[in-house]
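> What follows is the residue order along each chain.
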Amino acid sequence: DAGVTQSPTHLIKTRGQQVTLRCSPISGHKSVSWYQQVLGQGPQFIFQYYEKEERGRGNFPDRFSARQFPNYSSELNVNALLLGDSALYLCASSLGYGYTFGSGTRLTVV
Amino acid sequence: GEDVEQSLFLSVREGDSSVINCTYTDSSSTYLYWYKQEPGAGLQLLTYIFSNMDMKQDQRLTVLLNKKDKHLSLRIADTQTGDSAIYFCAQGEYGNKLVFGSGTILRVKS
Chain F
42 DAGVTQSPTH
52 LIKTRGQQVT
62 LRCSPISGHK
72 SVSWYQQVLG
82 QGPQFIFQYY
92 EKEERGRGNF
102 PDRFSARQFP
112 NYSSELNVNA
122 LLLGDSALYL
132 CASSLGYGYT
142 FGSGTRLTVV
Chain D
605 GEDVEQSLFL
615 SVREGDSSVI
625 NCTYTDSSST
635 YLYWYKQEPG
645 AGLQLLTYIF
655 SNMDMKQDQR
665 LTVLLNKKDK
675 HLSLRIADTQ
685 TGDSAIYFCA
695 QGEYGNKLVF
705 GSGTILRVKS
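For the record, the sequence lines run as chains F and D.
No gaps in the numbering here: position 40 of the first sequence is 81 in the working numbering, and each next residue is one more.
No gaps in the numbering here: position 17 of the second sequence is 621 in the working numbering, and each next residue is one more.
Pulled out of the complex, with its shape left as it was, chain D reads as follows (with noise of 0.2 Å):
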């Protein structure tokens, strides 16, 4: 079945890069995604990628993603303490339910 896998908690210095790691089961997911939530709050989609992509950028924000292993990932350049939240990877196909993971908390230290 569809599975979505993220670690659990992240934690790094104001300026340097956050990678935020995500791996998924299903092979026909045509679309990958990045949602950020911060407390008390819904999600707010932050990037997609097409599954026949293999980098996708977008200011502060670089998804790489290797199909081979099944791996998604969320680079942040130059974190700040607004960074500081919950991220979720997500997949699915057009039209279709999402999948998520659990999420990662980004904690970001002045």
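Isolated chain F (complex conformation) (with noise of 0.2 Å):
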């Protein structure tokens, strides 16, 4: 079975500009959760969705946003991109628990 897919693996984006990152959850998963980890840092929650409904958000600003789709896939939304907001960011799948996550996308902001 495939694990927890993210596209893309990189990408390098200008001062102001949008980003969308995807996200394709665990088959029979239908939690996806949102993390950015910065570099020497520990992952920080950014949202997470369950059957298509916001679950949970953490302290992001609202140029971030997420949504779920009826496949349980999810994309990751960031507005008006800042310098601080490169970083790895991860998705992860769960049934509940055991969260399974993907290898990330590394954005680069400059």
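One or more of the hints may lead you astray.
Said to hold, decoys possible - Quick look at which bits of chain D chain F covers, simulated, 3 or more residues with Cβ under 8 Å:
# : region
1 : 645-657
2 : 701-712
Claimed, not checked - Listing some non-contacts, in silico: residues in chain F with all C-beta distances to chain D over 12 Å:
#  : residue
3  : 49
4  : 52
5  : 56
6  : 59
7  : 63
8  : 69
9  : 93
10 : 104
11 : 108
12 : 112
13 : 114
14 : 120
15 : 150
Everything labelled a hint here was simulated from the structure, so no lab data went into it.
Using N, Cα and C, we set each Cβ at its ideal position, and we do this for glycine too.
Bring the two chains, given one by one in their own frames, into a single complex with the hints.
Structure below.
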């Protein structure tokens, strides 16, 4: 079975631009979460979705948004990019516990 | 609020045991996790323990949980060079977000 897949793997954007990151969960997993990992730190929670509804939101500005589709895949959108948004963005899926993470999208904002 | 703390760095010799420690603040967390991250990669779930358990063993890995002191440890027996990575402790409730520590860098010397 395929694990959690994320695309793209790497991305370079300019300040002020918008970006969309994509995630496909493990088959059968209805919960998808997004995390931001800045270099040298642990992952920070951004969003959680379950059955297409937002279940939780971390301490991130409104420039960050997400959604989950009927097939349980998910997108994370970030508007008006800042240099500080440069990070590894991780997606995780689960059945409720034992979260499985994807390899992440490395976003660089220049 | 929720907080997870880990020591920054651990260096061991190949073949020795490694013990990585973690303290957490949220006593309501039902699950405690250990994740491994290799350079440039996502997070790999190593093991987890329910809060009603004191110990869990899985091959070379032993997790000890002291609920009174809110202390979690991961022991890796017969540490190998391939175990060199960053290890993250995380806490969470069923179906909810994970709160991560800042990670412990494990260096294994041959």
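> Looking back at the numbered hints, which does the structure fail to meet, lowest number first?
Result: no hint breaks.
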